[in-house]
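> Construct all of the structure, not just a fragment, from the sequences and the given hints.
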Amino acid sequence: MQTEVSSAPVHTTVKSRVFYGSAEQTLTFKLGTTVEECDQLAVSAFQIVTNPHTFGLFREDGVTELLPITAQIARVEGHQPPPAGMVGIREDEKLILRASTVRGGD
Amino acid sequence: MLIPDRTFRLAIETMCECGQGRNECVVFLVESGDTGVLDVVHPVHRAASGGYEVDKGWLARFAVRQTAEPLAIRAQMHTHPGEAFHSGIDDEWPMVGTADFISIVVPRFGQGIIEPDDIYACRLTNEGDWEPLEPTSLFGT
Numbered sequence: 001m002q003t004e005v006s007s008a009p010v011h012t013t014v015k016s017r018v019f020y021g022s023a024e025q026t027l028t029f030k031l032g033t034t035v036e037e038c039d040q041l042a043v044s045a046f047q048i049v050t051n052p053h054t055f056g057l058f059r060e061d062g063v064t065e066l067l068p069i070t071a072q073i074a075r076v077e078g079h080q081p082p083p084a085g086m087v088g089i090r091e092d093e094k095l096i097l098r099a100s101t102v103r104g105g106d
Numbered sequence: 107m108l109i110p111d112r113t114f115r116l117a118i119e120t121m122c123e124c125g126q127g128r129n130e131c132v133v134f135l136v137e138s139g140d141t142g143v144l145d146v147v148h149p150v151h152r153a154a155s156g157g158y159e160v161d162k163g164w165l166a167r168f169a170v171r172q173t174a175e176p177l178a179i180r181a182q183m184h185t186h187p188g189e190a191f192h193s194g195i196d197d198e199w200p201m202v203g204t205a206d207f208i209s210i211v212v213p214r215f216g217q218g219i220i221e222p223d224d225i226y227a228c229r230l231t232n233e234g235d236w237e238p239l240e241p242t243s244l245f246g247t
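Taken in order, these protein sequences are the chains called A and B.
For the first sequence, this note's numbering begins at 1 and goes up steadily by one.
For the second sequence, this note's numbering begins at 107 and goes up steadily by one.
These aren't lab readings, by the way, just hints derived from the structure by calculation.
Mixed in with the good hints there might be a few duds.
To be verified - Here are the computed distance ranges between Cβ atoms for each label pair:
hint : chain 1 : residue 1 : chain 2 : residue 2 : range
1    : B       : Arg152    : A       : Gly78     : 32 to 40 angstroms
2    : B       : Glu119    : A       : Pro9      : 55 to 63 angstroms
3    : B       : Gly139    : A       : Asp92     : 20 to 28 angstroms
4    : B       : Gly127    : A       : Glu37     : 44 to 52 angstroms
5    : B       : Ser155    : A       : Ala84     : 42 to 50 angstroms
Claimed, not checked - Listed below are the simulated DSSO-like cross-link pairs for lysine-lysine, each with C-alpha atoms no more than 30 angstroms apart in a straight line:
hint : chain 1 : residue 1 : chain 2 : residue 2
6    : A       : Lys15     : A       : Lys30
7    : A       : Lys15     : B       : Lys162
8    : B       : Lys162    : A       : Lys94
We put the CB at the ideal spot given by N, CA and C, even for glycine.
This is how it looks when you write it as structure tokens:
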């Protein structure tokens with residue numbers, strides 16, 4: 001008996017175009033890592049030197065943050081939803097690294 | 107980075123008018139990658155006499171704009187009610203987290219005559235510390 005073998009590629013990473021200000025880098029995230037680890041990779045790539053916890057990855061609208069930070073990331077296609085409890089990222093998806101809060105005072 | 111005197115004055119006028127002697131205010135000095143011109147950008151923010159917070163919607167819109175236009179935020183300036191200094195909150199929640207970012211604090215809500223010597227200025231170092239700067243070293247024509 002012959003066994004049907006899927007020809008669909010098995011992905012272990014997802015590539016994203018990440019912007020910090022007007023600077024852009026292509027970052028590769030390992031599937032199964034947490035959003036927090038993706039945030040840390042981006043913070044490191046853009047050489048952010050202070051309070052990394054105040055910066056986060058947001059989707060192209062600049063509003064929607066990748067949350068929760070403890071969730072694992074999954075690679076999704078098109079408008080396909082991610083598996084339950086995971087955060088989906090599309091291949092070549094544009095993401096924005098920015099400060100989530102900016103405040104000051106005496 | 108040298109801040110032109112007219113840019114410094116415009117930033118102070120903007121913060122003074124916004125704060126009305128009662129509330130703190132914040133502006134960003136934004137350099138256009140196309141022209142090299144340093145503009146004063148006044149974000150939507152909420153403020154009180156003891157602090158400010160930039161509107162999250164404005165943060166999102168400006169971040170999206172930066173992905174399409176070469177705009178670099180070189181410095182942030184904000185006012186304090188009294189003395190100019192960098193507080194713990196100022197240290198922890200800046201707009202930009204990369205080395206060489208400049209933060210400037212203006213005393214007395216920016217009211218009255220403010221000279222470069224009256225302000226407090228610091229620079230984010232590679233180690234993530236805020237290094238005090240001689241204010242007058244930031245200004246040029």
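> Decide, hint by hint, whether the structure agrees.
Against the structure, the hints come out as follows:
1. Against the hinted window of 32 to 40 angstroms, the Cβ-Cβ separation of B/Arg152 and A/Gly78 comes to about 38 angstroms, which satisfies the hint.
2. Judged by the Cβ atoms, the range 55 to 63 angstroms given for B/Glu119 and A/Pro9 holds: they are separated by roughly 59 angstroms.
3. A beta carbon spacing of about 24 angstroms between B/Gly139 and A/Asp92 agrees with the range 20 to 28 angstroms that was offered as a hint.
4. Judged by the Cβ atoms, the range 44 to 52 angstroms given for B/Gly127 and A/Glu37 holds: they are separated by roughly 47 angstroms.
5. Remark: the range hint 42 to 50 angstroms for B/Ser155 to A/Ala84 is upheld by a beta-carbon distance near 47 angstroms.
6. At roughly 9 angstroms between alpha-carbon atoms, A/Lys15 and A/Lys30 fall within 30 angstroms of each other, so this suggested pair holds.
7. For the hint pairing A/Lys15 with B/Lys162, the CA-to-CA distance comes to about 27 angstroms; that is within 30 angstroms, so the pair holds.
8. Between B/Lys162 and A/Lys94, the direct Cα distance comes to roughly 20 angstroms. Compliance with the 30 angstroms bound is thereby established for this hinted pair.
In terms of the numbered hints stated before, the structure departs from none.
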